[in-house]
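> Single-letter residue listing:
Number of protein chains: 2
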Amino acid sequence: MIKVSVMYPNGADTRFDLNYYLAKHMPMVQAKLGSALKKVEVDHGLGGGEPGAPPAFVAMCHLHFDSVDAFQQAFGANAEAIVADIPNYTNAQPTVLVSEIKL
Amino acid sequence: MIKVSVMYPNGADTRFDLNYYLAKHMPMVQAKLGSALKKVEVDHGLGGGEPGAPPAFVAMCHLHFDSVDAFQQAFGANAEAIVADIPNYTNAQPTVLVSEIKL
Chain A
1 MIKVSVMYPN
11 GADTRFDLNY
21 YLAKHMPMVQ
31 AKLGSALKKV
41 EVDHGLGGGE
51 PGAPPAFVAM
61 CHLHFDSVDA
71 FQQAFGANAE
81 AIVADIPNYT
91 NAQPTVLVSE
101 IKL
Chain B
1001 MIKVSVMYPN
1011 GADTRFDLNY
1021 YLAKHMPMVQ
1031 AKLGSALKKV
1041 EVDHGLGGGE
1051 PGAPPAFVAM
1061 CHLHFDSVDA
1071 FQQAFGANAE
1081 AIVADIPNYT
1091 NAQPTVLVSE
1101 IKL
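Chains as they are written, first to last, in my numbering: chain A, 1 to 103; chain B, 1001 to 1103.
None of these hints come from the bench; they were simulated from the model. Among the hints, a few may not be true.
Claimed, not checked - One-sided excerpt, in silico: chain B residues whose CB lies under 10 Å from chain A:
{"hint": "1", "residue": "Ser1005"}
{"hint": "2", "residue": "Pro1094"}
{"hint": "3", "residue": "Leu1097"}
Stated by the list, open to error - Dumping the calculated DSS-like pairs for lysine-lysine here, alpha-carbon to alpha-carbon at most 25 Å:
{"hint": "4", "chain 1": "B", "residue 1": "Lys1039", "chain 2": "A", "residue 2": "Lys38"}
{"hint": "5", "chain 1": "B", "residue 1": "Lys1039", "chain 2": "A", "residue 2": "Lys102"}
{"hint": "6", "chain 1": "A", "residue 1": "Lys24", "chain 2": "A", "residue 2": "Lys39"}
We put the beta carbon where it would ideally sit given N, CA and C, even for glycine.
Isolated chain A (complex conformation):
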């Protein structure tokens, strides 16, 4: 099982519309990826490790797939529509990380 983490770095000028992200973007992503998407998680950054420290990422989503191939097939066919929606909720450039789930 693999996880694709889409991580939105936080900065002084970062705009992120969490309501739009949860109500519009993520349901669209789930509908487009269909049954290849096994599980989805969304985290909203609150802070860093030290009290009062800002979060390094304003939000992250974690998309679970059976394999890298399953992700690439599902995402490739829908990448244009998904990426085109990003400016509707953020000006951040997301960092994408593909991981193997070990635990």
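On the provided structure of chain A, position chain B as indicated by the hints.
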């Protein structure tokens, strides 16, 4: 529910002993945090969003707690032992992110 993500940045000189991390470090963390720790996930970074791109993080773990207070109480009492074990598996300085789980 909140999630504490401990993210190990990847670099040219990054050393990360995944076997030690999974077999020794994480079981110690789970034992020390006890029932306050509701769930744990470990991801091993494979790559970035573009084919062939290196992973931004060599590994991440995600620790779930009922609240920030529950995390601080459980971690505070054990921080010294947990942090002291880090050099046994990596030379990376982890980024810690505290998030609210929205989905």
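> Closer than 10 Å between Cβ atoms is the bar; does B:Ser1005 clear it against chain A? Give me holds or violated.
Holds, about 7 Å.
> Tell me if the interface restraint on B:Leu1097 is satisfied: Cβ within less than 10 Å of some Cβ in chain A.
Interface hint status for B:Leu1097: holds (5 Å vs cutoff 10 Å).
> Does the structure keep B:Lys1039 and A:Lys102 at a Cα separation of 25 Å or less?
Roughly 14 Å separates the two Cα atoms, so the pair holds.
> Under 10 Å, Cβ to Cβ, is where B:Pro1094 needs to be relative to chain A, so tell me if that hint holds or is violated.
With a minimum Cβ separation of about 8 Å from chain A (threshold 10 Å), the hint on B:Pro1094 holds.
> Does A:Lys39 sit within 25 Å of A:Lys24, going by the straight-line distance between their CA atoms?
17 Å, holds
> Given the proposed pairing of B:Lys1039 with A:Lys38, does the C-alpha separation stay at or below 25 Å?
18 Å, holds
Taken one by one, the earlier hints all hold for this structure without exception.
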